[in-house]
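A.B. asks: Each chain, letter by letter, is given below.
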Amino acid sequence: MAMLEITDFGKRFTIHHLSKTMPAVEHINFTLDAGEFIGIVGKSGSGKSTILKSIYRTYLPDTGKLLYDSGRFGIIDLAKVTERQMLYLRKYEIGYVSQFLNVMPRTTCRQLVTNALLEMGESEEVARVETERALTHFELDSKLWDSYPNTFSGGEKLRLNIAMATVKKPRLLLLDEPTASLDQQSKEKVRQIIEKLKNTGTTLVGIFHDIEFMEGLCDKVFDMQTRQLTTAKETAVYES
Amino acid sequence: MHEEPVLQVRNLRKQFGPGCRECGQMDNRQLEKNYCTNCGTVYACQDISLDLYPGEILGIVGESGSGKSTLMQCLYFDAEVSSGEAYIKDPKLEGKNVFDLSSQQKRYIRNHSYGMVYQNPVHGLKMNFSSVGNIAEKQIAAGNRNVADMEATSKKLLESVHIPLHRMKEEPQNFSGGMQQRVQIAKALSNNPPVLFLDEVTTGLDLSVQANVLDLIKTIQRELGISMLVVSHDLAVIRMLADRTVVMLNGAIIEEGLTDQILEDPQHEYTQQLVYSLL
Numbered sequence: 001m002a003m004l005e006i007t008d009f010g011k012r013f014t015i016h017h018l019s020k021t022m023p024a025v026e027h028i029n030f031t032l033d034a035g036e037f038i039g040i041v042g043k044s045g046s047g048k049s050t051i052l053k054s055i056y057r058t059y060l061p062d063t064g065k066l067l068y069d070s071g072r073f074g075i076i077d078l079a080k081v082t083e084r085q086m087l088y089l090r091k092y093e094i095g096y097v098s099q100f101l102n103v104m105p106r107t108t109c110r111q112l113v114t115n116a117l118l119e120m121g122e123s124e125e126v127a128r129v130e131t132e133r134a135l136t137h138f139e140l141d142s143k144l145w146d147s148y149p150n151t152f153s154g155g156e157k158l159r160l161n162i163a164m165a166t167v168k169k170p171r172l173l174l175l176d177e178p179t180a181s182l183d184q185q186s187k188e189k190v191r192q193i194i195e196k197l198k199n200t201g202t203t204l205v206g207i208f209h210d211i212e213f214m215e216g217l218c219d220k221v222f223d224m225q226t227r228q229l230t231t232a233k234e235t236a237v238y239e240s
Numbered sequence: 001m002h003e004e005p006v007l008q009v010r011n012l013r014k015q016f017g018p019g020c021r022e023c024g025q026m027d028n029r030q031l032e033k034n035y036c037t038n039c040g041t042v043y044a045c046q047d048i049s050l051d052l053y054p055g056e057i058l059g060i061v062g063e064s065g066s067g068k069s070t071l072m073q074c075l076y077f078d079a080e081v082s083s084g085e086a087y088i089k090d091p092k093l094e095g096k097n098v099f100d101l102s103s104q105q106k107r108y109i110r111n112h113s114y115g116m117v118y119q120n121p122v123h124g125l126k127m128n129f130s131s132v133g134n135i136a137e138k139q140i141a142a143g144n145r146n147v148a149d150m151e152a153t154s155k156k157l158l159e160s161v162h163i164p165l166h167r168m169k170e171e172p173q174n175f176s177g178g179m180q181q182r183v184q185i186a187k188a189l190s191n192n193p194p195v196l197f198l199d200e201v202t203t204g205l206d207l208s209v210q211a212n213v214l215d216l217i218k219t220i221q222r223e224l225g226i227s228m229l230v231v232s233h234d235l236a237v238i239r240m241l242a243d244r245t246v247v248m249l250n251g252a253i254i255e256e257g258l259t260d261q262i263l264e265d266p267q268h269e270y271t272q273q274l275v276y277s278l279l
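First to last, the protein sequences are chains P and E.
Residue 240 is where the first sequence ends in my numbering, and the numbering goes up by one at each step.
Residue 279 is where the second sequence ends in my numbering, and the numbering goes up by one at each step.
Some clues are possibly wrong.
Claimed, not checked - Quick look at which bits of chain P chain E covers, simulated, 3 or more residues with Cβ under 8 Å:
id, region
1, 12 to 19
2, 34 to 43
3, 85 to 92
4, 115 to 128
5, 167 to 175
Stated by the list, open to error - Below are the SDA-like pairs computed for lysine to any residue, each with C-alpha atoms no more than 25 Å apart in a straight line:
id, chain 1, residue 1, chain 2, residue 2
6, E, K156, P, T107
7, E, K89, E, S64
8, P, K91, E, F99
9, P, K65, E, A152
10, E, K156, P, R128
11, P, K80, P, M3
12, P, K91, E, L224
13, P, K20, E, Q273
14, E, K92, E, G225
15, P, K169, E, R239
16, P, K196, P, R227
17, P, K20, E, K156
18, P, K65, P, E26
19, P, K91, E, L216
20, P, K143, P, V129
21, E, K126, E, T203
22, P, K91, P, K143
23, P, K20, E, D260
24, P, K65, E, L263
25, P, K91, E, E4
26, E, K156, P, L112
27, E, K33, E, Y270
28, E, K156, P, N115
What the hints assert, rightly or not - Pairwise CB distance ranges (calculated):
id, chain 1, residue 1, chain 2, residue 2, range
29, E, S64, P, K43, 36 to 46 Å
30, P, N150, E, Y276, 22 to 32 Å
31, P, K143, E, G95, 51 to 61 Å
I should point out that these hints are in silico values taken from the structure, not numbers from a laboratory.
Note that beta-carbon positions come from the ideal geometry of N, C-alpha and C, so glycine has one too.
The following block holds chain P by itself, in its conformation from the complex (with noise of 0.2 Å):
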């Protein structure tokens, strides 16, 4: 099967405090396949980011499927899944990137990425090495790895949080408008560093506020009304 299949699923919020139940998202579907890449575009508060954390299980899902094909469990439902399984799955196979870094105060940028890999189990030697061949791959100055990210620029912040995720190597990246707020210069590095990791086979899907900075990267294009995927677009798989 796919790596992802997502059929029928729905997500609604219960706010107690004004007694209402609000549907975020609802009949979603879609296919992701091992090394693709979806993009899914759309307007503030559509939903997009919803998909997301209830895949990262950050959102607890309410209706329909997330199947996926882990590498550990064989096919599962991503909505049923115990804590622990996906709490393994973190850490081993799927990753997240938001817009935003939210890390341990007072660690250094190296130490950071250094401590995603040690928590997977790899020695302190190849930790050390991976880390800096990450660093240096996602272009972040080596003057910056002995400081602490909240001295860092946006795009400094995104690229740490980017090679964060993908020193562990997940099957599964997850991009959370990891272009927002960022200058043409710093979404053209984003741009080039996704394109990376697309080439080296990670099965990717991004949500993007501008559809311009999608063009001929993804597979497949979606775009986000109210609460429903309405359009799918194929586009020209990009060549490298």
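Keeping the supplied structure of chain P fixed, place chain E upon it in accordance with the hints.
C.D. replies: Relative to the frame of chain P, chain E by itself:
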């Protein structure tokens, strides 16, 4: 994926007071928050069940008086449970409810399998003993009799919690709150326990020391694979530390989930209020 929890808690109850006809029945008792308006009995922990897995940090959040610390005290045998069961992963104790064990056996578990860091260092340290003596005390309780070995371990631990070694013979009463807390952590770790209880360890510490302590806890988890129960009312601390989180209210667990899910998609009305209060 079959994993065996290192600590399994089932239906733990702790009440203060005898109970009466109004509140004696678990199923249909009418309580005001966690106490019976008729007889004043406080139900501090009501039917708590949880699993702690190898190497994980489980967060426990809830407002003051929700029963978090009482739960910790019961698990660490500082307080008697009213009823309930707990099992630890230890071949010698397999299938045995640790609450039913003799006080001698309980002490054995405390000394060999558990470490505890109290919110107030006064409870965890002898304030007028030397710091290194405090740590050695725990090691002796755990059966160590080799002075050279104990001193070496103590030094290593004090270094890892950033206590300068030239002050190791000093009494904790001379130390700042943050230093006392770090000595307490060193002591709790000195018997290499598979399970560590941390009760509001960063409460009252300044941000800089808090960052140190958080980093230390994460390092311990990563390098020693120790499982931890972390009680805190500070959601930011829980977000940094815990893999999974349970939310307590009026002595009961009302919600549990992955920490980011609890914070971003809380289900229970109370948890939503709690999360909306986050700065």
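A.B. asks: Against this structure, judge whether each hint is valid.
C.D. replies: Results for each hint:
With a threshold of 8 Å between beta carbons, the proposed coverage of the region 12 to 19 of chain P by chain E holds, since 5 of its residues qualify and at least three are required. Check result for the region 34 to 43 of chain P against chain E: violated, 0 residues qualifying (beta carbon to beta carbon below 8 Å, three or more required). Beta-carbon proximity to chain E at under 8 Å applies to 4 residues in the region 85 to 92 of chain P; the threshold of 3 is reached and the given coverage holds. Check result for the region 115 to 128 of chain P against chain E: holds, 3 residues qualifying (beta carbon to beta carbon below 8 Å, three or more required).
Restraint check on the region 167 to 175 of chain P versus chain E: 0 residues with Cβ-Cβ distances below 8 Å, three needed, restraint violated. Proximity of K156 (chain E) to T107 (chain P) is assessed by CA-CA distance (about 22 Å); at most 25 Å being required, the pair is judged to hold. Between K89 (chain E) and S64 (chain E) the alpha-carbon distance is near 31 Å, which puts this suggested pair outside the 25 Å criterion. At most 25 Å may separate the alpha-carbon atoms for a hinted pair to count; K91 (chain P) and F99 (chain E) exceed this at roughly 35 Å.
Among the hinted pairs, K65 (chain P) with A152 (chain E) is inconsistent with the structure: their alpha-carbon atoms are about 55 Å apart, more than 25 Å. A hinted pair counts as satisfied when its Cα atoms are at most 25 Å apart, and K156 (chain E) with R128 (chain P) qualifies at roughly 23 Å. Simply put, K80 (chain P) and M3 (chain P) have alpha-carbon atoms about 17 Å apart, close enough for the 25 Å limit, and the pair holds. For a cut-off of 25 Å, the pair hint linking K91 (chain P) to L224 (chain E) stands: about 18 Å separates their Cα positions.
Between K20 (chain P) and Q273 (chain E) the CA atoms are separated by roughly 15 Å; this keeps the pair inside 25 Å, and the hint holds. Under the criterion of a C-alpha separation no larger than 25 Å, the hint pairing K92 (chain E) with G225 (chain E) is consistent with the structure, at around 21 Å. Annotation: proposed proximity of K169 (chain P) to R239 (chain E) holds, straight-line Cα distance about 24 Å (limit 25 Å). This hinted pair does not check out: K196 (chain P) and R227 (chain P) have alpha carbons roughly 31 Å apart, beyond 25 Å.
Straight-line distance between C-alpha atoms of K20 (chain P) and K156 (chain E) comes to about 55 Å, which puts the hinted pair past the 25 Å bound. Straight-line distance between C-alpha atoms of K65 (chain P) and E26 (chain P) comes to about 12 Å, which keeps the hinted pair within the 25 Å bound. Of the supplied pair hints, the one linking K91 (chain P) and L216 (chain E) holds, its CA atoms being roughly 21 Å apart against a limit of 25 Å. Taking the CA atoms of K143 (chain P) and V129 (chain P), the gap is about 17 Å. The hint holds against a cut of 25 Å.
The straight-line distance between the Cα atoms of K126 (chain E) and T203 (chain E) is roughly 20 Å, inside the 25 Å bound, and the hint therefore holds. Under the criterion of a C-alpha separation no larger than 25 Å, the hint pairing K91 (chain P) with K143 (chain P) is inconsistent with the structure, at around 28 Å. In summary, the hint linking K20 (chain P) to D260 (chain E) is supported, as the alpha carbons are separated by about 23 Å, within the 25 Å threshold. Simply put, K65 (chain P) and L263 (chain E) have alpha-carbon atoms about 23 Å apart, close enough for the 25 Å limit, and the pair holds.
At roughly 19 Å between alpha-carbon atoms, K91 (chain P) and E4 (chain E) fall within 25 Å of each other, so this suggested pair holds. Between K156 (chain E) and L112 (chain P), the direct Cα distance comes to roughly 24 Å. Compliance with the 25 Å bound is thereby established for this hinted pair. For the hint linking K33 (chain E) to Y270 (chain E), the alpha-carbon distance of about 13 Å falls within 25 Å, and the restraint holds. Between the alpha carbons of K156 (chain E) and N115 (chain P) the distance comes to roughly 21 Å, so the proposed pair stays at or under 25 Å and holds.
A C-beta distance of roughly 43 Å is found between S64 (chain E) and K43 (chain P), which places it inside the suggested range of 36 to 46 Å. The hinted range of 22 to 32 Å is satisfied by N150 (chain P) and Y276 (chain E), whose Cβ atoms lie roughly 25 Å apart. At roughly 58 Å, the beta-carbon separation of K143 (chain P) and G95 (chain E) lies within the given 51 to 61 Å, and the hint holds.
Hints 2, 5, 7, 8, 9, 16, 17 and 22 from the earlier list are contradicted by this structure; the remaining hints agree with it.
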